[in-house]
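Line order of the protein sequences matches chains A and B. Under our numbering, the final residue of the first sequence carries the number 302; numbering is consecutive throughout. Under our numbering, the final residue of the second sequence carries the number 302; numbering is consecutive throughout.
It is worth saying that the hints were derived from the structure and are not from the lab. A few of these clues could be false.
The list cannot tell twin chains apart, which means a pair is met if one copy fits it or any two copies do.
The calculated DSBU-like cross-link candidates involving lysine-lysine, where the alpha carbons are at most 35 angstroms apart (straight line), are [said to hold, decoys possible]:
1) K58 - K169
2) K169 - K78
3) K58 - K41
4) K89 - K41
There are 2 protein chains.
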Amino acid sequence: MDALCAFQLTEALKGAIELDVFTHIAAGAVTASAIAERANASERGVRILCDYLTIRGFLGKEDGRYSCSPTAAVFLDKRLPSYIGSIANFLANDRLIKSYRNLAGAARKGGTVATSTVSPNDPVWVEFARSMAPFLGMVAGVMAPIVATPGRAQKVLDVAAGHGLFGLSVAKANPSATVYGTDWVDVLKVAVENATALGVADRYHTIPGSAFDVEFGTGYDLVLVPNFLHHFDPATCETFLSTVGRALAPGGRVVTVEFVPDEGRVTPPHAAMFSLVMLCTTPAGDAYTFAELESMFRRAGFPRNRLRVAGPAGPQVLISQR
Amino acid sequence: MDALCAFQLTEALKGAIELDVFTHIAAGAVTASAIAERANASERGVRILCDYLTIRGFLGKEDGRYSCSPTAAVFLDKRLPSYIGSIANFLANDRLIKSYRNLAGAARKGGTVATSTVSPNDPVWVEFARSMAPFLGMVAGVMAPIVATPGRAQKVLDVAAGHGLFGLSVAKANPSATVYGTDWVDVLKVAVENATALGVADRYHTIPGSAFDVEFGTGYDLVLVPNFLHHFDPATCETFLSTVGRALAPGGRVVTVEFVPDEGRVTPPHAAMFSLVMLCTTPAGDAYTFAELESMFRRAGFPRNRLRVAGPAGPQVLISQR
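Start from the sequences and build out the full structure, keeping to the hints where you can.
Here is the structure:
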């Protein structure tokens, strides 16, 4: 019964983020009536929502006064730079949630029965670029020291750049790096905004269009392929990686950030669960094991592959060389 | 992030129930390909779904062979009388899920911003009567010995009877009981089916229509009000209970089955979380504390009220007398 009602947690947290409930509480409005006043909401609605969030561990409640949990206080108080509440706009996006509605249908077919997220110019990637930036900026920050070569010129290609932060994190870590980002034209506007905000716009260039069709150019020391391969079937990935190989400078590397489940496919949980997202939102994507990724890379001309895992829940980074 | 993705668990479990995944596994189809064949689904889709359910604890997986968790083996194997998988059709009902989509809107308004479930002849209650019967039959079975008076004639009114099982459990426990069920006309068809199946149709009568408008008749020894009051505001409940009072025989009792949170409204978790369901699906319903229920009953002419709790997670049964 809890599992069948789990969707309520998604919607309650999303609703509370939309109403800035955590921010209001952190700012001192701790009763249902005070929160309701600041959120322009009904006291009854706020009371019920905050009680639910208390039961689910996002708030505390004592004598009718609410408090933020330690996690909520850090990540859901809009006044702090650590705020990541915008991720609700993508993770619990109405259209994406609809993709899971007929999950039995997706299992029958073996792929999405909704609008695929790999269609050209899908606007969901603009939402992704805006909403997920605070979270993926942290991931990119973990990756950057693994792949940047400060002091040495580095020509970098960031495939399906989105928010741009993977490439931009390298540009920040290496003042001698120049970054080329590819993505749909509207998505790249977000990447350019971020490049400007980070003060590296002069070293950031865009290549708008499909990652499968655009001309990457050549001579790249580093090609970043963050959270991209999982959207496609292995044959498509191999063809794509062969193209990437031709864009590399001698000695260049491809760095993939991925969800990489163990061989049994049920650990680690978050990487392994990601397969379901691909089943429901793409025709043939998957979370690939290291053996599967290595096989794709080998066939595409990259015999040397190693997996770097940044912490137990950190990003899984695959470094591939010719 | 887990909370924002919690909806995936609801949809995955619902999809697996729809495909009879647990039944196929329990019946010996334990690989993705064998399950896929029986479920008429793709192996890839079944593999991804079953891996996800393994991570979430509903299945085990060893060397590519799946097994049901102890809970799934008892409750989700369709071949067993203990199967309750149909509850997914109500708890994760598409229309009801939509009621939570704009939860911030419901919190602002203090009530549902979707189609209310308390509208006349709402077809969702037919779905409820069919789907929730296996689960609520167990609840009714816990309640019956508390309220039935075997060997003594008992005229019973079952308000908003739904599946009918609360009244029917009394009819089963007391061969001298006669039960009158009220609900929308289409819902009562399900109750009559159940009365027939339980062999007590000759002692089961129906009063179709709104519980607020129909003529109950008089002389009832027992009026059951199971999971009804929470749909309405306290004033509406009081008026309704006054009407119920006039239908009672001298010494008669009103028995309410409810979600009754403690005064702090955040314990016990399942009773307290139920408020959110009422916020999202009704204009003014709530999970009422015992003090609130007692106040409604007192004003309606019932000064004697006591709460019986059948086990830590069992139904909360309020017994009220004039």
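Verification of the supplied hints:
| no. | hint | result |
| --- | --- | --- |
| 1 | K58 - K169 | within (24 angstroms within a copy, 53 angstroms between copies) |
| 2 | K169 - K78 | both (27 angstroms within a copy, 33 angstroms between copies) |
| 3 | K58 - K41 | within (21 angstroms within a copy, 42 angstroms between copies) |
| 4 | K89 - K41 | between (46 angstroms within a copy, 23 angstroms between copies) |
No hint from the list above goes unmet by this structure.
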